[in-house]
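Starting from the given sequences, assemble the full structure and let the hints guide the process.
As they're listed, the protein sequences go chains A and B.
Position in the first sequence counted from 1, then plus 7, gives you the numbering used here.
Position in the second sequence counted from 1, then plus 2, gives you the numbering used here.
Treat the hints with care, since some could be wrong.
Derived lysine-lysine pairs resembling PhoX-like cross-links, with alpha carbons at most 25 Å apart [to be verified]: (1) B:221 - B:54; (2) A:176 - B:53; (3) A:145 - B:53.
Derived from the structure by calculation, the hints contain no laboratory data.
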Amino acid sequence: MPTLTPDNLRDLELKANDIRQGIIRSLHAAGSGHSAGPLDMSDVFAALYGTLMRHDPNRPDWPERDRLLLSCGHIAPVRYSAMANFGYFPVEELLTLRKFGSRLQGHPERVTLPSLESTSGPLGEGLAQGTGMALGAKMDGQDFHVWVVTSDAEHQCGLHWEAVMTAAKFKLDNLTCIIDRNFIQIDGSTEDVMPLEPLGDKYRSFNWEVLECDGNDMQAFVETAERARAVKGRPQVIVANTVPGKGVSYMEGDYTWHGKPPNTEQTEIALKELAQARERIVARG
Amino acid sequence: MANLVDYRKGVAQVPTRNGFGEGLVESGTRNPNVIGICADLSESTRFEAFKKAHPAQYVEIGVAEQMLVAMAGGLASVGKIPWIASYAMFNPGRSWEQVRTIMALNDTNVKIAGAHAGVSVGPDGATHQAIEDIAIMRVIPHMTVVVPCDSVQTKKATLALSERWGPTYLRLGREKSPVITTEETPFTVGEAQIFREGGDVAIVACGILVYNSLMAADKLSREDGIECRIVNNHTVKPMDEAAIVAAARDCGAIVTVEEHQKHAGMGSRVAEIVAQKYPVPIEFIGVDDRFGQSGDPLELIEYYGMGIDAIVDAVRKVAKRKPA
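Have a look at this one:
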């Protein structure tokens with residue numbers, strides 16, 4: 008199993024930092040949108056596009072590419088910023104987020120930007136579509152992997168569990184569900200709004216392989232995801248424990264940042280903090 | 003004009019869902035990417051034969067209609083052509099948001115067969131009688147909506163829709179219904195058919211009530227000397243606007259006939275076209291803002307105002323409303 012070299016690790020952490028800066032800039036330009044989730048999933052997206060996934064930004068329709076579905080479409084800024092930073096489109100395009108005529112719709116639309124793989128936003132639907140893609144791959148003997156990024160709160164949707172049951176029935180070991188376990192949703196803590204714990208045990212009882220890690224620790228997440236992908240005979244879930252708003256001090260851990268963007272002053276502070284974090288990564292060597 | 007229908011010398015009685023079952027088997031033979039996904043209703047939706055003929059192309063997911071649509075969307079995204087089936091009340095009834103987002107907005111090549119539509123489901127009662135499905139499907143952009151008139155046409159529609167790209171809804175009935183078309187009767191998605199010529203009133207019908215419309219036309223010819231044009235308007239979306247405008251222009255009055263709520267169904271679409279392009283008086287045959295109930299299928303068709311005599315009365319009424 009490939010282990011990250013110090014150089015790989017540094018490069019991925021720098022990418023995550025770039026992604027966070029892109030998120031802040033695009034949300035500020037948009038004047039609306041979600042901040043906490045995109046920031047806390049930046050490390051996961053850097054890992055997926057930077058090392059885990061088989062993909063080629065110059066061939067977005069490559070049939071053998073891994074499929075990445077963002078089920079919780081409201082954190083689209085992290086996907087857009089990741090795609091821009093990995094060469095799918097110019098980084099400047101991030102400033103069109105949520106604007107009329109943009110490919111970067113408020114919630115992801117595959118028809119306007121095919122490499123999104125699915126249209127999402129209505130919660131609880133991504134794993135179900137990913138299950139279909141993974142089953143299709145099995146039917147045709149294709150070996151691409153399907154990654155589905157979900158929020159924790161969308162585990163309150165019934166359809167998600169229909170998908171969990173179905174993926175287990177068909178032993179879809181080419182399917183990995185990643186949970187952004189940040190414990191927040193619009194109305195407050197997930198455990199107050201509708202308790203999800205014990206979340207991992209729920210998946211175990213559905214015959215899934217359950218892995219857990221710090222979703223903001225690049226090394227830990229990459230190693231966990233590689234272990235997940237190697238599992239045979241059953242689908243896997245990674246409970247990625249994250250800090251909402253990760254990387255911007257005044258947002259971290261505050262659920263009120265779920266669904267709003269930073270204003271101009273807050274944007275400057277956030278970008279300054281991220282620039283300093285970047286310098287620390289570079290200085291570490 | 004060659005006869006497209008043969009119904010006067012007694013007709014065979016076959017449920018439209020049987021035609022779907024036959025068409026699906028043949029579609030799966032023609033193209034191995036055609037797959038069938040079923041939500042625990044393989045016998046009622048006539049998936050049994052497909053399951054036997056093409057086991058590797060068949061998927062069973064249990065009682066999970068939202069999953070049915072969402073998973074089919076995923077399969078379509080990797081090149082499959084999924085036909086998914088449940089009762090129309092549950093798919094698209096229960097799964098409507100997934101149909102809108104994953105099939106239509108995301109433009110995936112998923113085909114829904116909605117079985118047990120209409121009050122003619124019979125004894126199962128109102129919970130299982132979909133009479134709002136045309137309305138909720140025709141309002142979705144990019145959706146194709148087809149309501150064939152008999153089992154022979156349903157088979158042709160199934161084959162045609164399997165080969166035609168795009169999100170699709172095919173409406174099926176449970177009960178045996180008259181077979182009025184023949185193997186030779188053509189079928190093209192989006193092209194309405196004139197089953198009987200007449201210049202006094204146009205009856206624009208879809209589904210199994212096309213037969214009642216033909217019978218009503220014969221009765222009106224005998225008793226009133228009113229000659230009706232019968233339009234088999236099998237494609238509710240995209241509707242054949244030229245055929246509807248021609249019916250309005252040539253006959254000057256229209257009766258629409260469908261086994262569905264009068265509100266927002268096929269007849270409402272006809273009225274939208276006629277109001278804009280060629281206004282003429284219209285009467286609507288359908289369920290009048292009520293739910294169904296248990297009963298014998300034919301008894302329910304009569305009770306809810308969709309029998310032959312109800313159509314006859316509607317034609318007489320609309321004929322009187324024609325401007326002098």
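Each hint tested on the structure:
no., hint, verdict
1, B:221 - B:54, "violated, 45 Å"
2, A:176 - B:53, "holds, 18 Å"
3, A:145 - B:53, "holds, 18 Å"
Violated hints amount to a single one, hint 1; each of the other numbered hints is respected by the structure.
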